[in-house]
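Engineer: Could you put together the complete structure from these sequences and hints?
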Amino acid sequence: DAGVTQSPTHLIKTRGQQVTLRCSPKSGHDTVSWYQQALGQGPQFIFQYYEEEERQRGNFPDRFSGHQFPNYSSELNVNALLLGDSALYLCASSVLNSPLHFGNGTRLTVT
Amino acid sequence: GENVEQHPSTLSVQEGDSAVIKCTYSDSASNYFPWYKQELGKGPQLIIDIRSNVGEKKDQRIAVTLNKTAKHFSLHITETQPEDSAVYFCAASRGPGSARQLTFGSGTQLTVLP
Numbered sequence: 002d003a004g005v006t007q008s009p010t011h012l013i014k015t016r017g018q019q020v021t022l023r024c025s026p027k028s029g030h031d032t033v034s035w036y037q038q039a040l041g042q043g044p045q046f047i048f049q050y051y052e053e054e055e056r057q058r059g060n061f062p063d064r065f066s067g068h069q070f071p072n073y074s075s076e077l078n079v080n081a082l083l084l085g086d087s088a089l090y091l092c093a094s095s096v097l098n099s100p101l102h103f104g105n106g107t108r109l110t111v112t
Numbered sequence: 013g014e015n016v017e018q019h020p021s022t023l024s025v026q027e028g029d030s031a032v033i034k035c036t037y038s039d040s041a042s043n044y045f046p047w048y049k050q051e052l053g054k055g056p057q058l059i060i061d062i063r064s065n066v067g068e069k070k071d072q073r074i075a076v077t078l079n080k081t082a083k084h085f086s087l088h089i090t091e092t093q094p095e096d097s098a099v100y101f102c103a104a105s106r107g108p109g110s111a112r113q114l115t116f117g118s119g120t121q122l123t124v125l126p
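Protein chains in written order, with the working numbering: chain A, 2 to 112; chain B, 13 to 126.
Since the hints were made in silico from the structure, they are not lab data.
There may be inaccurate statements among the hints.
Derived SDA-like pairs (lysine to any residue); straight-line CA-CA distance at most 25 Å [to be verified]:
#1 69/B x 30/B
#2 83/B x 59/A
#3 49/B x 89/A
#4 83/B x 82/A
Since the model is a prediction, treat every value here as computed from it, not as a measurement.
Structural biologist: Below you can see the structure in the form of C-alpha cells.
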C-alpha cells in the first residue's frame, strides 16, 4: 500500500519564477493538506483541500495556490518566488478521523 | 490562533535511559495532540496521538500524557535505543477528523548515545 508520494524530491528555481509541486495521497484518503517546513523549524500549515475545494487556509499569501483533482491528488503552486520560499514542502493526506500521513516532501531552493 | 511551545530544543540521553519532551499550547479548544518523529531526509511520521478526553496513552516504549487544565502534554520514551535518534515534533489542533489543521512545535533533536 503506497503511502503519500510527492514529486519532485528536489527543485531549484530562480527568484520571480513559478513552481508546481505534486502530491498523491495515501490509498483511501480523500483530504490533502500542504505544509511548509523551513530549516530547523516545525511544519506550518498552508492549506487543505477536500472535494476539490480549498477548505482551510493558513497565514500564507495569495502567491500560494493549490488544486485537487477528482482522483484526490493535489498540486501546490507558488508564483513570484522569493528567497524566503526556500523550504521543505510537505503534503499530508487523511480521511475522516484518521491522523495525517505525511510524504517525504519536496525540497525547494530559490536562488 | 494556536501557539505550541516545545522544550527542550535538544536532548541527549544514554542508551537505555528515558527521554521526556514537553509541550504547551494556548488554545483551550484544542482537542487533538499528535507526536511526530522526523528522520533526516524524510517526512514526519506519526508515533502516537492523544485526544482531549484521555489523560494518558501508552504504546510499548512510548507514552503521552495530557494535562488539559495546565494546557500541556508530554512525550515519554523509555529504554531508548540509537534508532530513536531523530527530531520529534508535538502538534495541536481543534475540530473533527480530517478537518484538523495542525499547529506544530519547533521540534526537539533527540540523540541517543550508545
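Engineer: Can you name, in rising order, the numbers of the hints this structure does not satisfy?
Structural biologist: 4
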